[in-house]
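Novice: Those protein sequences? They're chains A and B, same order as listed.
In case it helps, the numbering used here puts the first sequence at residues 1 to 151.
In case it helps, the numbering used here puts the second sequence at residues 1 to 418.
Do not rely on the hints blindly, as some may be mistaken.
Unchecked claim - List time: in silico DSS-like cross-link candidates among lysine-lysine, alpha-carbon distance up to 30 Å:
1) B/K192 - B/K123
2) B/K134 - A/K117
3) B/K325 - A/K117
4) B/K99 - B/K325
5) B/K253 - B/K192
6) B/K123 - B/K139
7) A/K63 - B/K342
8) B/K342 - B/K325
9) A/K128 - A/K63
10) A/K63 - B/K92
11) B/K139 - B/K121
12) B/K105 - B/K92
13) B/K134 - B/K181
14) B/K192 - A/K117
15) B/K145 - B/K192
These are computed hints drawn from the structure, not numbers from a lab.
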Amino acid sequence: MEAIEELITAYAHDIDDGVLDGWPEYFTEDGSYTVLTRENLAQDLPMGIMYCQGRGMMADRIKAMQTANIFEAHTYCHLLGRSRIEPDGDGRYRARTNFNVIRTMQDGASEMFAVGKYLDVIEVRDGKPLFRERRVVLESRRVDILLVYPL
Amino acid sequence: MTLSSMEELNEPLQWPEPGVTRIPYRVYSDPVIYALEQQRIFRGPVWNFLCLEIDIPNSGDYKTSTVGEIPIIVTRDDDGEIHAMVNRCPHKGALVCLKERGNAKMLTCIYHSWSFDMAGKLKGIAFRNGLGGKGGLPKEFDPEKHGLELLRIEVFCGLVFGTFSEATPSVESYLGQPMSKFIRRNLGRPLKPLGMHSQIIHNNWKLYAENVRDSYHATLLHTFYTTFKINRLDMDGGIVLAEDKWHHISYAKRETFEEAEEYQRDKIHAAQYDSHLEGPHLLNAWNEFDDGITHSIQAIFPNLAIQFTLNSLAVRFFVPRGVDKTELFWFYVGYEDDTEEKTAMRVMQGNLTGAAGLVSLEDGCINEFVQRGTHGSEGSMGLAEMGGGSVESSDSSRATEAAIRGFWTGYRRIMEFD
Numbered sequence: 001m002e003a004i005e006e007l008i009t010a011y012a013h014d015i016d017d018g019v020l021d022g023w024p025e026y027f028t029e030d031g032s033y034t035v036l037t038r039e040n041l042a043q044d045l046p047m048g049i050m051y052c053q054g055r056g057m058m059a060d061r062i063k064a065m066q067t068a069n070i071f072e073a074h075t076y077c078h079l080l081g082r083s084r085i086e087p088d089g090d091g092r093y094r095a096r097t098n099f100n101v102i103r104t105m106q107d108g109a110s111e112m113f114a115v116g117k118y119l120d121v122i123e124v125r126d127g128k129p130l131f132r133e134r135r136v137v138l139e140s141r142r143v144d145i146l147l148v149y150p151l
Numbered sequence: 001m002t003l004s005s006m007e008e009l010n011e012p013l014q015w016p017e018p019g020v021t022r023i024p025y026r027v028y029s030d031p032v033i034y035a036l037e038q039q040r041i042f043r044g045p046v047w048n049f050l051c052l053e054i055d056i057p058n059s060g061d062y063k064t065s066t067v068g069e070i071p072i073i074v075t076r077d078d079d080g081e082i083h084a085m086v087n088r089c090p091h092k093g094a095l096v097c098l099k100e101r102g103n104a105k106m107l108t109c110i111y112h113s114w115s116f117d118m119a120g121k122l123k124g125i126a127f128r129n130g131l132g133g134k135g136g137l138p139k140e141f142d143p144e145k146h147g148l149e150l151l152r153i154e155v156f157c158g159l160v161f162g163t164f165s166e167a168t169p170s171v172e173s174y175l176g177q178p179m180s181k182f183i184r185r186n187l188g189r190p191l192k193p194l195g196m197h198s199q200i201i202h203n204n205w206k207l208y209a210e211n212v213r214d215s216y217h218a219t220l221l222h223t224f225y226t227t228f229k230i231n232r233l234d235m236d237g238g239i240v241l242a243e244d245k246w247h248h249i250s251y252a253k254r255e256t257f258e259e260a261e262e263y264q265r266d267k268i269h270a271a272q273y274d275s276h277l278e279g280p281h282l283l284n285a286w287n288e289f290d291d292g293i294t295h296s297i298q299a300i301f302p303n304l305a306i307q308f309t310l311n312s313l314a315v316r317f318f319v320p321r322g323v324d325k326t327e328l329f330w331f332y333v334g335y336e337d338d339t340e341e342k343t344a345m346r347v348m349q350g351n352l353t354g355a356a357g358l359v360s361l362e363d364g365c366i367n368e369f370v371q372r373g374t375h376g377s378e379g380s381m382g383l384a385e386m387g388g389g390s391v392e393s394s395d396s397s398r399a400t401e402a403a404i405r406g407f408w409t410g411y412r413r414i415m416e417f418d
């Protein structure tokens, strides 16, 4: 349990610190990462805002962000709520963690950018917990300006 | 700014002499022009996109939308007929529908309990005859004359359009033949919703209207496109303009790619990266049609666009939320008869566009950069001279701003900016 809490915390701190090269390593090789809205989840619609299937696609996201995509510099600060973690059989765990992400733009504006919950399926591989599935469920269907760094 | 140009900004806009190759920056920030657009364009002789027909599949379904800044309700009545009306109680002016979507037998304004049927007719007035014979409305009050303000509607290929003007011709003649034919190609089959989100962009709505018509920028700013050879100007492609210039189609054929030397010679930022994807299944695609077109964007005046990027089909609807703020909606759809595999591929390719689109995310900020860049220069103007001054279709090159000039041609006409 402690190791899972550490996974969830370290993930957020790495993004906040701009350490993104290792982002895919938080997931299993075939893990998935989805950013979707509460509304889409409620209506059971498959399409979110960002979707990566496997570490390769995650690495492409980071590479595109670092070399191809153009956007105004900004940083994130994740504020995490206490995680609720439950065993889910077969050495798997399910976790839910509320989050709030404050985005700071280069003009100095620090504003709430995203609020929602992480719904995770975690697997222990070689004694190390990793995300098998991480769903980032945003409360709002509306994104301010753009979403480029993972949440 | 000199005194004379400050005075000029208080005068009605005179379009600069060269015509639509010049765009006065003032049109992006002048609140008077913005207010005038609400009357002349959104209440004028245009078809405004309201929602998708699949948003209101059943009798009693309703969905709120906006025409310009005017709040709208779209309903489906007991007979299955679709209606659209202003979301404003004729009594006090309050919103009648508060929920974004729902299902109801009647629409009731919560302020004084006036109620309306799904066609917008006033059906119930609380205490109409007063209490104990006192108060109430005058005897001659005619509920027939006090329904919700109605729009004319027309459904075309699953798109629900509304207009305030009696002068607007049918949707098909409004679009013209090439435009309606292409919409039929893309949306002319039963659709299935896949997901929706929106994006706030901090710019005037017309900057996005130009942006979707700007085939020149697409492969320069959007480096992902170019790097992974999804859409480049050295692929076969072209621009089709509607006869009245309001609408356009820009298309490309991915399989015709032959590397043009200009991409390297002009040191195009976008072409400097290798095209190796570690997750290549992102770009697994099948040919949806046999015309070879793998990528298209179609803009319909005033504020609608339809994209088909590989297999990712989406309706983009950009709604003015103030002179310098726009909400851009992304409605992703597939076809009702799509296999699970096809749906999965459309979902995967959804990564290319939207608020976090590998290809499109720059558009979230680039129009804001124009909005900010032109602050304090309202007396100056931008250029749209790529491809000369012509406002004609081009079947050989997309290195042109013809569709942008087309937008401004139609805009000047409807706004009476001579």
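Novice: Please go over all the hints and tell whether each is borne out by the structure.
Specialist: So, going through the hints one by one against the coordinates:
{"no.": "1", "hint": "B/K192 - B/K123", "result": "35 Å, violated"}
{"no.": "2", "hint": "B/K134 - A/K117", "result": "56 Å, violated"}
{"no.": "3", "hint": "B/K325 - A/K117", "result": "28 Å, holds"}
{"no.": "4", "hint": "B/K99 - B/K325", "result": "23 Å, holds"}
{"no.": "5", "hint": "B/K253 - B/K192", "result": "26 Å, holds"}
{"no.": "6", "hint": "B/K123 - B/K139", "result": "16 Å, holds"}
{"no.": "7", "hint": "A/K63 - B/K342", "result": "27 Å, holds"}
{"no.": "8", "hint": "B/K342 - B/K325", "result": "35 Å, violated"}
{"no.": "9", "hint": "A/K128 - A/K63", "result": "26 Å, holds"}
{"no.": "10", "hint": "A/K63 - B/K92", "result": "55 Å, violated"}
{"no.": "11", "hint": "B/K139 - B/K121", "result": "19 Å, holds"}
{"no.": "12", "hint": "B/K105 - B/K92", "result": "22 Å, holds"}
{"no.": "13", "hint": "B/K134 - B/K181", "result": "61 Å, violated"}
{"no.": "14", "hint": "B/K192 - A/K117", "result": "27 Å, holds"}
{"no.": "15", "hint": "B/K145 - B/K192", "result": "39 Å, violated"}
In terms of the numbered hints stated before, the structure departs from hints 1, 2, 8, 10, 13, 15, listed from lowest to highest.
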